[in-house]
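**Student:** Those sequence lines, one after another, are chains A and B.
As numbered in the numbering used here, the first sequence has no gaps in its residue numbers, which increase by one up to the final residue, 482.
As numbered in the numbering used here, the second sequence has no gaps in its residue numbers, which increase by one up to the final residue, 367.
Worth flagging that the hints you see were computed from the coordinates, not collected in a lab.
Quantities reported herein were computed from a predicted structural model and do not represent experimental measurements.
Note that the Cβ used here is the ideal one computed from N, Cα and C, for glycine as well.
Hints may be right or wrong, so weigh each one.
Unchecked claim - With a straight-line cut-off of 20 Å between C-alpha atoms, the simulated DMTMM-like cross-links for lysine to aspartate or glutamate are:
1) K358/B - E445/A
2) K354/B - E110/A
3) K194/B - D298/A
4) K369/A - D409/A
5) K49/A - D433/A
6) K194/B - D136/A
7) K396/A - D433/A
8) K133/B - D437/A
9) K171/B - E49/B
10) K167/A - E173/B
11) K252/A - E49/B
12) K235/B - D136/A
13) K358/B - D452/A
14) K336/B - E311/B
15) K226/A - E238/B
16) K354/B - D443/A
17) K194/B - E228/A
18) K194/B - D114/A
19) K171/B - E73/B
20) K194/B - E173/B
21) K194/B - E110/A
22) K133/B - E445/A
23) K252/A - E73/B
24) K167/A - D298/A
25) K133/B - D184/A
26) K194/B - E234/B
27) K167/A - E238/B
28) K235/B - E248/B
29) K252/A - E173/B
30) K171/B - E110/A
31) K171/B - D112/A
32) K69/A - D321/A
33) K235/B - E299/A
34) K194/B - D112/A
To be verified - Here are a few chain B residues that sit away from chain A, every Cβ distance over 10 Å (derived from the structure):
35) L147
36) D314
37) G333
38) G359
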Amino acid sequence: MQMPQPNANVLSRKAQIVARLRNVIPPDAVISDEMETRAYECDALTAYKCPPLAVVLPSSTEEVSAVLKVCHEMGVPVVPRGSGTSLAGGALPTADCVLLGVARMNDVLETDYDNRFIRVQTGRTNLSVTGAVEADGFFYAPDPSSQLACAIAGNIAMNSGGAHCLKYGVTTNNLMGVTLVQMDGTIMEIGGKHLDAGGYDLLGLICGSEGQLGVVTEATLRILPKPEGARPVLMGFDSNEVAGACVADIIKAGVLPVAIEFMDRPCIEATEAFAKAGYPMCEALLIVEVEGSPAEIDEQLALILEIARRHNPVELREAKDADEAGRIWLGRKSAFGAMGQINDYMCLDGTIPVSELPYVLRRIGEMSKEYGLDVANVFHAGDGNMHPLILFDANKEGDLELCEAFGADILRLCVEVGGCLTGEHGVGIEKRDLMVDQFAPADLEAQMAVKDVFDPAWLLNPAKVFPLAASESRRSVALAAE
Amino acid sequence: MRPETEAELAEMISAAAAPICVRGGGTRGVNLNGTLLETGGLSGITLYEPGSLTLVAQAGTPLAEIEAALAAEGQRLAFEPMDHRGLMGTDGEPTIGGVVAANVSGPRRVSVGACRDFMLGVRFVDGAGNIIKNGGRVMKNVTGYDLVKLMSGSWGTLGVLTEVSLKVLPKPETAACVLIDGLDDTEAVTAMAKALGSPFEVSGAAHLPVGPDETPVTMLRIEGFAGSVTYRAEKLAELFPDLAVRIERDADAVAESWNRVRDVAPFHGVAGDVWRVSVTPTDAAALAASIEADAVLYDWGGGLIWARVPEGTDVRARLGAFDGHATLVRGSGQPKFQPEPGPIAALSQGLRQKFDPKGILNAGLMG
Chain A
1 MQMPQPNANV LSRKAQIVAR LRNVIPPDAV ISDEMETRAY ECDALTAYKC PPLAVVLPSS
61 TEEVSAVLKV CHEMGVPVVP RGSGTSLAGG ALPTADCVLL GVARMNDVLE TDYDNRFIRV
121 QTGRTNLSVT GAVEADGFFY APDPSSQLAC AIAGNIAMNS GGAHCLKYGV TTNNLMGVTL
181 VQMDGTIMEI GGKHLDAGGY DLLGLICGSE GQLGVVTEAT LRILPKPEGA RPVLMGFDSN
241 EVAGACVADI IKAGVLPVAI EFMDRPCIEA TEAFAKAGYP MCEALLIVEV EGSPAEIDEQ
301 LALILEIARR HNPVELREAK DADEAGRIWL GRKSAFGAMG QINDYMCLDG TIPVSELPYV
361 LRRIGEMSKE YGLDVANVFH AGDGNMHPLI LFDANKEGDL ELCEAFGADI LRLCVEVGGC
421 LTGEHGVGIE KRDLMVDQFA PADLEAQMAV KDVFDPAWLL NPAKVFPLAA SESRRSVALA
481 AE
Chain B
1 MRPETEAELA EMISAAAAPI CVRGGGTRGV NLNGTLLETG GLSGITLYEP GSLTLVAQAG
61 TPLAEIEAAL AAEGQRLAFE PMDHRGLMGT DGEPTIGGVV AANVSGPRRV SVGACRDFML
121 GVRFVDGAGN IIKNGGRVMK NVTGYDLVKL MSGSWGTLGV LTEVSLKVLP KPETAACVLI
181 DGLDDTEAVT AMAKALGSPF EVSGAAHLPV GPDETPVTML RIEGFAGSVT YRAEKLAELF
241 PDLAVRIERD ADAVAESWNR VRDVAPFHGV AGDVWRVSVT PTDAAALAAS IEADAVLYDW
301 GGGLIWARVP EGTDVRARLG AFDGHATLVR GSGQPKFQPE PGPIAALSQG LRQKFDPKGI
361 LNAGLMG
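Next up, chain A with everything else stripped away, as it sits in the complex (with noise of 0.2 Å):
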């Protein structure tokens, strides 16, 4: 993955730039010592590192707002981070970026149960936002495996999804107001405490914007009552197409359940091995997931495990109580874990449409032996977005630009079969070149041209979304301006 040339006009100006960042902010909010800047060199893409020119960590959206104004008036691009969890390299530094990481503005702001919202600063981790509320029979829906460390910064700029999107929505659907500051340093308030925007949805087009459009400082998110309880049912088919059928047979019957997990035979081998959760050895496993109190749960497993009767399952195991329903949902959540503890892996999040899941799994399963290298699925299978891990060894000369090479045309099939490259991931840098395979140019400029109204000059995580190629003209006007 390329990244463009450092400004050397910018890192010639490194003393100046750090001085004057510490003028606005307190200077222990700004570091540049190179030692402490590789602390910040990359996210949770890990085979892509660059330490940046210097970090600064503000405490308050108008030290945002200062350091935004300083970097915009010396023309130096700011790279945004949330806790870095990124998989998609949306917070890789360049050599010439202030990264700005905003990990010290964690609090709770407001929370009103009468109006269901709780108002954080954006550093906060998202599972920290459901703790705030919890007790009080609340909690915030959108629910990324990495939600123990991801902070709302960043599951706003990804418009991060979850295994209970099936029924909650991701991000987007579940933010109702954000504070923006703009690259000069603006301070704006979009939505609030009330449903949908008065003119265009600008906070709809904020989210899912891979910090480029501005830095959110705070959101107002949407939080909903817990419900009375969940269940878990664990289901084993023979092949692919049988648990995609099932899904399918579930869905048109009316029930919706909070999650529909599907996970291959090389998962289900690798997480067994991990985590002994007990899972039957089979071609492809479901865990499906209903809510509601006791009788409503009874109702709505009864109908589900009666439709996947219907296609002959292998195994079909009910959670009769807490316990149970854990060791159901213990292998799932251990499979990234088991698949780093055997290998090095690469992890995709295409989407597709559901009804392509048999063709596409073949098909991967065929590339898996053209490349020689092993694939575990594990994925949403309610909404069709898949996980597929491409395993790989790091330390073999290689074997990562393979592995890339097979991940793209994993995403091409994507693509082709009328889903896309990015479910719940983004695109930053991993899957920035592959963009023309899903839009056509006059496509990419319309989105563009939404950065150039936001921030004229591309100066905000300049180099990520847009192919290197269709955003150089912009990125230069920016250069030439020095």
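With chain A fixed as given, assemble chain B onto it according to the hints.
**Tutor:** Coordinates of chain B only, in the frame set by chain A:
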């Protein structure tokens, strides 16, 4: 102008130099100066996969055609778009493109989301005649910027929609309504907040200060499988031991009463301007009082106030500064949309210049 294909539409817009008034079925009362551009020639469902909960249709497809196709598979548009004809005194056939362009959402918006939350993808022609696609037909998609949201609710000012792709949901087996009689507006908002904060999945919460019996009634809707609806309706009623609570269990009667809320039926055929005000629910009663309206109706647990006022009333002046926005739905004499603060207005203006450089698409409608 009435294009039959997307390419033809692109040519028309590309060649146009004068203002264009974009129209789906013409039911939502947008009448602007300019050449009329009707989307009715771009019609038809292009893809419907019930097992994937996905429907794709050309923008000019009649809403009724879509609703019938969904009903045949036991599914529906969960965001419950209102039919504006009764309120606006219009006729014609509402189109799916019109629903999306105006982000039309009904009572269920409070629980499942707005039209924009169910939008998966769009194709449109911008003001320069470029054909642009964004999003797609899958439920999770973060590939590039979300222009789907931007186009939803942009009222044809940034581009003319040609195709929309939507997430649909199963139609529940049945519905019931918990009714509370005799509450004043403040008490009603409190009761609705309690209901929406319960785990019983209330899918609609409205208050009619003047109900069908000429007395106040607060409505709380429950939907789902029969056993579950019975259970939840009873549990919900138990939350209000000191109030006059009844349960309507006839699903047809429930549907009828919520259609009346959705379409603001109490204001049909009565003269006056009609405003739609989105607010923080617990501010609703006080804000509604400040409007000094001839009649109000609360939806979304109080988060949406429908107000009927004498023609020409400046409702925004009466509301003063508040968290939310007021839209003039029926009437003239005031800007249709809430004026935006400077920095946001500048962004909106910038987007219009990029997407409609000639300034010809529904010019002036959104600022």
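**Student:** Does each hint fit the structure? Answer for all of them.
**Tutor:** Verification of the hints:
For the hint linking K358/B to E445/A, the alpha-carbon distance of about 17 Å falls within 20 Å, and the restraint holds. Restraint check for K354/B and E110/A: the C-alpha separation of about 37 Å exceeds 20 Å, so the hint is violated. For a cut-off of 20 Å, the pair hint linking K194/B to D298/A is broken: about 26 Å separates their Cα positions. Distance hint between K369/A and D409/A is fulfilled; the C-alpha atoms sit about 13 Å from each other, no more than 20 Å.
Using a Cα cut-off of 20 Å, the hinted pair K49/A and D433/A holds, with the two alpha carbons roughly 18 Å apart. Straight-line distance between C-alpha atoms of K194/B and D136/A comes to about 13 Å, which keeps the hinted pair within the 20 Å bound. At roughly 24 Å between alpha-carbon atoms, K396/A and D433/A are farther apart than 20 Å, so this suggested pair is violated. A hinted pair counts as satisfied when its Cα atoms are at most 20 Å apart, and K133/B with D437/A qualifies at roughly 13 Å.
At most 20 Å may separate the alpha-carbon atoms for a hinted pair to count; K171/B and E49/B meet this at roughly 15 Å. This hinted pair checks out: K167/A and E173/B have alpha carbons roughly 17 Å apart, not beyond 20 Å. Taking the CA atoms of K252/A and E49/B, the gap is about 10 Å. The hint holds against a cut of 20 Å. Restraint check for K235/B and D136/A: satisfied, since their Cα atoms lie roughly 19 Å apart, inside the 20 Å limit.
At roughly 18 Å between alpha-carbon atoms, K358/B and D452/A fall within 20 Å of each other, so this suggested pair holds. A threshold of 20 Å between alpha carbons decides the hint, and for K336/B with E311/B the separation of about 14 Å falls inside it, so the pair holds. A C-alpha spacing of about 18 Å is found between K226/A and E238/B, which places the hinted pair at or below 20 Å, so the restraint holds. For a cut-off of 20 Å, the pair hint linking K354/B to D443/A stands: about 13 Å separates their Cα positions.
Distance hint between K194/B and E228/A is fulfilled; the C-alpha atoms sit about 16 Å from each other, no more than 20 Å. Distance check on the hinted pair: K194/B and D114/A sit about 7 Å apart at the alpha-carbon level, within 20 Å; holds. Distance check on the hinted pair: K171/B and E73/B sit about 9 Å apart at the alpha-carbon level, within 20 Å; holds. Distance hint between K194/B and E173/B is unfulfilled; the C-alpha atoms sit about 25 Å from each other, more than 20 Å.
Of the supplied pair hints, the one linking K194/B and E110/A holds, its CA atoms being roughly 19 Å apart against a limit of 20 Å. With a C-alpha separation of about 11 Å, the suggested pairing of K133/B with E445/A holds against the 20 Å cut-off. Under the criterion of a C-alpha separation no larger than 20 Å, the hint pairing K252/A with E73/B is consistent with the structure, at around 8 Å. Among the hinted pairs, K167/A with D298/A is consistent with the structure: their alpha-carbon atoms are about 18 Å apart, no more than 20 Å.
Pair hint K133/B plus D184/A does not hold up; C-alpha atoms about 30 Å apart against a cutoff of 20 Å. Among the hinted pairs, K194/B with E234/B is consistent with the structure: their alpha-carbon atoms are about 15 Å apart, no more than 20 Å. With a C-alpha separation of about 26 Å, the suggested pair K167/A and E238/B falls outside the 20 Å cut-off, and the hint is violated. For a cut-off of 20 Å, the pair hint linking K235/B to E248/B stands: about 14 Å separates their Cα positions.
For the hint pairing K252/A with E173/B, the CA-to-CA distance comes to about 13 Å; that is within 20 Å, so the pair holds. With a CA separation close to 36 Å, the supplied pair K171/B and E110/A exceeds the 20 Å bound. Proposed proximity of K171/B and D112/A is contradicted: the alpha carbons are some 31 Å apart, above 20 Å. Restraint check for K69/A and D321/A: the C-alpha separation of about 56 Å exceeds 20 Å, so the hint is violated.
For the hint linking K235/B to E299/A, the alpha-carbon distance of about 17 Å falls within 20 Å, and the restraint holds. Of the supplied pair hints, the one linking K194/B and D112/A holds, its CA atoms being roughly 12 Å apart against a limit of 20 Å. For L147/B, the non-interface assignment is contradicted: its Cβ lies about 6 Å from the closest Cβ of chain A, within the 10 Å cut-off. Residue placement check: D314/B keeps its beta carbon more than 10 Å from all beta carbons of chain A (closest about 16 Å).
At the 10 Å boundary, the C-beta of G333/B stays outside the reach of chain A, the nearest C-beta of that chain being 18 Å off. Listed as outside the interface, G359/B is consistent with that label: its C-beta sits roughly 15 Å from the nearest C-beta of chain A, beyond the 10 Å cut-off.
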